[in-house]
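With the hints as constraints, model all of the structure from the sequences given.
Which chain is which? The protein sequence lines are E and F, in order. Taking my numbering, the leading residue of the first sequence gets 1, the next gets one more, and so forth. Taking my numbering, the leading residue of the second sequence gets 209, the next gets one more, and so forth.
If you're looking for bench data, these hints aren't it; they were derived computationally from the structure. One or more hints might be untrue.
What the hints assert, rightly or not - Derived lysine to aspartate or glutamate pairs resembling EDC-like cross-links, with alpha carbons at most 20 Å apart: (1) E/Lys55 <-> E/Glu40; (2) E/Lys149 <-> E/Glu200; (3) F/Lys349 <-> F/Glu280; (4) F/Lys288 <-> F/Glu345; (5) F/Lys357 <-> E/Glu200; (6) F/Lys357 <-> E/Glu185; (7) F/Lys357 <-> F/Glu294; (8) F/Lys357 <-> E/Asp183; (9) F/Lys263 <-> F/Asp219; (10) F/Lys357 <-> E/Glu76; (11) E/Lys55 <-> E/Glu65; (12) E/Lys149 <-> F/Asp219; (13) E/Lys80 <-> E/Glu137; (14) E/Lys149 <-> F/Asp390; (15) E/Lys149 <-> F/Glu393; (16) E/Lys141 <-> E/Asp153; (17) E/Lys141 <-> E/Glu76; (18) F/Lys263 <-> F/Asp226; (19) E/Lys149 <-> F/Asp226; (20) E/Lys141 <-> E/Glu200.
There are 2 protein chains.
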Amino acid sequence: MSSTRAKAVPDRRRAILDAAVRVFARQGFHACRVSDIADEAGVAYGLLYHYFPSKEEVLNTLFLERWGVMLEMIREVDRKPVPVREKLAAIASFIVDSYRHDPDLMKVIIVEVTRAANSFGQTHLGQIREAYRMIGEIVTKAQQEGVFKADIDAEFAAMTFYGAIEQVLTGWIFGLLPQGEDDLERAKQMVVETVCGGLEVGPGTLPA
Amino acid sequence: MSSTRAKAVPDRRRAILDAAVRVFARQGFHACRVSDIADEAGVAYGLLYHYFPSKEEVLNTLFLERWGVMLEMIREVDRKPVPVREKLAAIASFIVDSYRHDPDLMKVIIVEVTRAANSFGQTHLGQIREAYRMIGEIVTKAQQEGVFKADIDAEFAAMTFYGAIEQVLTGWIFGLLPQGEDDLERAKQMVVETVCGGLEVGPGTLPA
DNA sequence: TGGCTTATTGACTGACCAGTCAATCCATCC
DNA sequence: GGATGGATTGACTGGTCAGTCAATAAGCCA
Chain E
1 MSSTRAKAVP
11 DRRRAILDAA
21 VRVFARQGFH
31 ACRVSDIADE
41 AGVAYGLLYH
51 YFPSKEEVLN
61 TLFLERWGVM
71 LEMIREVDRK
81 PVPVREKLAA
91 IASFIVDSYR
101 HDPDLMKVII
111 VEVTRAANSF
121 GQTHLGQIRE
131 AYRMIGEIVT
141 KAQQEGVFKA
151 DIDAEFAAMT
161 FYGAIEQVLT
171 GWIFGLLPQG
181 EDDLERAKQM
191 VVETVCGGLE
201 VGPGTLPA
Chain F
209 MSSTRAKAVP
219 DRRRAILDAA
229 VRVFARQGFH
239 ACRVSDIADE
249 AGVAYGLLYH
259 YFPSKEEVLN
269 TLFLERWGVM
279 LEMIREVDRK
289 PVPVREKLAA
299 IASFIVDSYR
309 HDPDLMKVII
319 VEVTRAANSF
329 GQTHLGQIRE
339 AYRMIGEIVT
349 KAQQEGVFKA
359 DIDAEFAAMT
369 FYGAIEQVLT
379 GWIFGLLPQG
389 EDDLERAKQM
399 VVETVCGGLE
409 VGPGTLPA
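Written out as structure tokens, the structure reads:
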């Protein structure tokens, strides 16, 4: 309706969410004030409470929006009849590209939710867990097909994979790792290469 | 002096630090009050400020104490003339054993400092970085010796390795992963096996 | 014993900030 | 044009809590 006309009613709700991303990324959720978000959005203090019941709910919304997209993506990838390596590459790719597209948002999600398992992580543990579960399932299938070693717990493997990616993102977020265009691409490959290389059955396997 | 006599003067400073670990682990740094720490330590509110200039400094102290031990340990491991795999295994072992010995402390360090790179992580980025740097150096040496593939950035490899371990700990901390005695031991092996397996030069290597 | 220093106590204060609310604005429709 | 309801405003309130401080206890030396 309102979106049929260009430059129609400005979407304040969206403006608030976008401003919150910038403010949370810059100052952190706990350190920022609600008025900082309102100011950044160019909106009166009280308007935030017209659209959201609390400061916390703003963060929840940001997280759920993005995490939902990722879960959907993993689900789709899992359905495709392609080799594990390709599936994991698709997941790594999606996450790295998400960072490329909106580093601030990814910073907020990782720093304030995913890695803050007290406070917010607790609230969203179910969602987060779902991602691990699906990755674990991909690993399990690969084991059943004999592509991955069977003696490794799939859940641990999933954590290892996801943890490796998230740590690389964290490295970028805090300027510990170079993040040129090619660094991002190479990181995707590297993580997949490393983890798959370690998990695959093959001549590389060293028996104890 | 005072420690020569058993049951001598009770060390309130230590009591406060230990209580803080429990309280931070249970409630989180931001969510707990200074009075919670004092109560847990069985000590008056003001005494905390006799020993520490601020609540924050209590956390800093806890982190620096433990992180210092880890850095020293990595330094020593690095000096030994043993294969990479053994060096990385020693590091993984140390971290997992630290968790076994004091899960609350590790939870606090990971959740409140290492993964909270806003706020406290920022303060200690130097210390944290130092760990990555040293692990990266171990990888570099392995590459020079021809044991690890040379086309992988050592810094990325270090992040991958450390990230994988930390994620497994996080899994334990939040009850996402089983943590029986044997699970801990297998996790050590698995992380090292996986990461080394992926990084090592060898017949397992798939050329692009 | 008296006098000095350090440890310990807990009531109090000052700042801060999330969330409320009554008032105003504005689009829309009859 | 005026009535209705959602959008928008920002001053204000209530509660919370980190950190202060003046008072008291406990150790210690001469």
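> For this structure, which hints from the list above don't hold up?
Replying inline: Violated: hints 10, 12, 19.
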